[in-house]
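Construct the complete structure from the given sequences, taking the supplied hints into account.
Chains A and B, in that order, are what the protein sequence lines are.
When you line the first sequence up against our numbering, it's residues 909 to 1190, in that order.
When you line the second sequence up against our numbering, it's residues 7 to 256, in that order.
Any given hint might turn out to be false.
[Unchecked claim] Pairwise CB distance ranges (calculated):
(1) 928(A) <-> 145(B): 48 to 58 angstroms
(2) 128(B) <-> 1168(A): 32 to 42 angstroms
(3) 1020(A) <-> 63(B): 24 to 34 angstroms
(4) 241(B) <-> 1072(A): 20 to 30 angstroms
(5) 46(B) <-> 1172(A): 49 to 59 angstroms
(6) 1005(A) <-> 194(B): 37 to 47 angstroms
(7) 1002(A) <-> 135(B): 32 to 42 angstroms
[Said to hold, decoys possible] Derived pair list, reagent style DSS-like, types lysine-lysine, alpha-carbon separation capped at 30 angstroms:
(8) 1190(A) <-> 144(B)
(9) 92(B) <-> 121(B)
(10) 244(B) <-> 35(B)
(11) 216(B) <-> 244(B)
(12) 920(A) <-> 944(A)
(13) 27(B) <-> 1005(A)
(14) 36(B) <-> 200(B)
(15) 216(B) <-> 144(B)
(16) 1005(A) <-> 71(B)
(17) 244(B) <-> 200(B)
(18) 92(B) <-> 1005(A)
For the record, the hints were derived by calculation from the structure and aren't laboratory data.
In this text, a Cβ means the ideal position worked out from N, Cα and C, and glycines have one as well.
Residue-level listing of the chains:
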Amino acid sequence: MNRRRFEENFFKTIMIISFLLVVGSLCFILFTVIVKGLPALNWAMLTQTPKGGYYLGKEGGILNAIIGSIYLAGGGTLLALILGLPIAIYLSVYGRKSRISDWVRLSLDVLWGVPSIVYGAFGFILMLAMGMRASLLGGILTLALLELPIMTRAMDEVIRMIPRDLEQASFALGATRLETAIHVIIRQTLPGIITAILLAFGRGIGDAASVLFTAGYTDRLPGGLLRPVASLPLAVFFQLGTPFPEVQQRAYSAALVLTFIVLIISLGSRWLSSRLSRYALK
Amino acid sequence: MDSHVQTINLNAYYGAEPALKNVNLEIPKKQITVIMGPSGCGKTTLLKTMNRFLELTDGTRISGKVLIDGENIYDPGVDVTEIRKKAGLLAQHPYPLPMSIYENVAYGLRIHKMKHGRELDQAVEHYLRVAGLWEEVKDRLRAPATGLSIGQQQRLCLARGLAVEPELLLGDEPTSALDPISAQYIEQRLLDIKNRYTIVLVTHILRQAKRLADYVIFMYLGEVVESGPAKDVFESPKQERTRAYLEGQF
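Following this line, the structure appears as structure tokens:
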């Protein structure tokens, strides 16, 4: 009796500790970023490009990195979606139990675990082979590769949860698998699909290592697909690496902006998916 | 007898397990045929061979023929979506599509490009009336179909199925998930439309079979034990097993 009560309490305590650990670290990160970043955050930070070079720039802003990051992650997410949604639909509608699907899932799971610096190096080698310089396009392609497994597997999981009877309700009316996928399955899983897109976008916009070689860095605004482009994670990285406290503080502002962008996008997509799930079968 | 569906030496297997054994049947046109029998006797399997739903389950295999209007639906050249359009299905549990009430009925008409614009509106109204749902939903056609009660959902599924103009309506215990009043309502609708459609109904409720059936098929362990006009089978069954089932011995 005592031993069983001890077990109950033991696991309850562990549960509370892990909860505090998770919420605590989130709060601590937000706290650090806000306390250190807010003082340096001003209108100029958001609306100007750096003055005096990006390593030593004590003036101007990080508009180059904000716009650059949105272009990079937006482009990468769009590309990953164009490839990932059909893959997810194939996996869970067409080849539900085929051997190919098993292999594709395994490959995606392995790719999910590959460190982003490896994607960066891979993208870099590819670009060298194609005679490309570090550019927006290179960054977008690399981020799309990084995001593809995350997005596809997340979508695959939600699509697989669909009751087969719902799918069959559409088949019973003489619909093809494609019609069923487009009109029934995607509608039913839209909230989950949006979550998957967001997850991938969050991973893409926050990643520094994959864009380090492939997108490069610049203190200018993005000037085309084949020009180098700045990004927020790298802005944080470079600015935090300088010995000057003023520049370091700007790194925290950049981190704050990055966090804020992710926050807005996740709240926005929450709202969107709750609106779109009105018709879905609960 | 003017038959609409005919099976010839039909066998079905789940893996190595036979589920239907040499079934030879004729199902009469524009009548209600009830397939009855104890659970596991293959009645749902038999129904699923008629719209080629059995092949959606992994590891199933079929031999023999199923003729609808004299055409074997298992011939290699047959378009499976055409077969399913011809043979509407009313499932055990209603699954409204994730869209509005209106769109649920319009769905089939849209994918088969059968109706557009005003014609579509009229068709939606018409089939909702046939299913006896129009008066209850006419003011909220754009509302999610999932907001309907389960009985209303089953009638919506009936409207949706009839909208693509099937000739055959397959019911897989369509009232078993419903409350008695909704069940009665569905039964009444089926009686109303039976002179226009060939209806094949699977049920394990003997009283329902007696209320609805014009023609009866009694199955046991994957075999057809007896089939014939309802009156004959219910009042003077030829087979001992049928008699035992009707007396409640299974």
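Here's how the hints hold up against the structure:
1. Remark: the range hint 48 to 58 angstroms for residue 928(A) to residue 145(B) is upheld by a beta-carbon distance near 51 angstroms.
2. Restraint check, residue 128(B) to residue 1168(A): a C-beta distance of roughly 52 angstroms breaks the suggested window 32 to 42 angstroms.
3. At roughly 31 angstroms, the beta carbons of residue 1020(A) and residue 63(B) sit within the given window of 24 to 34 angstroms.
4. Separated by about 41 angstroms at the C-beta atoms, residue 241(B) and residue 1072(A) break the suggested range of 20 to 30 angstroms.
5. Range check, residue 46(B) to residue 1172(A): about 56 angstroms between beta-carbon atoms, so the 49 to 59 angstroms window is met.
6. For the pair residue 1005(A) and residue 194(B), the supplied restraint of 37 to 47 angstroms holds, since their beta-carbon distance comes to about 41 angstroms.
7. In this structure the hint that residue 1002(A) and residue 135(B) lie 32 to 42 angstroms apart at CB holds, the actual value being about 38 angstroms.
8. Proposed proximity of residue 1190(A) and residue 144(B) is supported: the alpha carbons are some 23 angstroms apart, at most 30 angstroms.
9. Between residue 92(B) and residue 121(B), the direct Cα distance comes to roughly 17 angstroms. Compliance with the 30 angstroms bound is thereby established for this hinted pair.
10. This hinted pair checks out: residue 244(B) and residue 35(B) have alpha carbons roughly 24 angstroms apart, not beyond 30 angstroms.
11. Taking the CA atoms of residue 216(B) and residue 244(B), the gap is near 17 angstroms; set against the 30 angstroms cutoff, the hint holds.
12. Restraint check: the Cα-Cα separation between residue 920(A) and residue 944(A) comes to about 35 angstroms, which exceeds 30 angstroms; the hinted pair is violated.
13. In summary, the hint linking residue 27(B) to residue 1005(A) is supported, as the alpha carbons are separated by about 28 angstroms, within the 30 angstroms threshold.
14. Between residue 36(B) and residue 200(B), the direct Cα distance comes to roughly 6 angstroms. Compliance with the 30 angstroms bound is thereby established for this hinted pair.
15. Of the pairs offered as hints, the one joining residue 216(B) and residue 144(B) is violated, with about 34 angstroms between alpha carbons and a cut-off of 30 angstroms exceeded.
16. Among the hinted pairs, residue 1005(A) with residue 71(B) is consistent with the structure: their alpha-carbon atoms are about 27 angstroms apart, no more than 30 angstroms.
17. For the given pair, residue 244(B) sits about 27 angstroms from residue 200(B) by alpha-carbon distance, which is consistent with the 30 angstroms threshold.
18. A C-alpha spacing of about 28 angstroms is found between residue 92(B) and residue 1005(A), which places the hinted pair at or below 30 angstroms, so the restraint holds.
Hints 2, 4, 12 and 15 from the list above are not met by this structure, while the remaining hints are.
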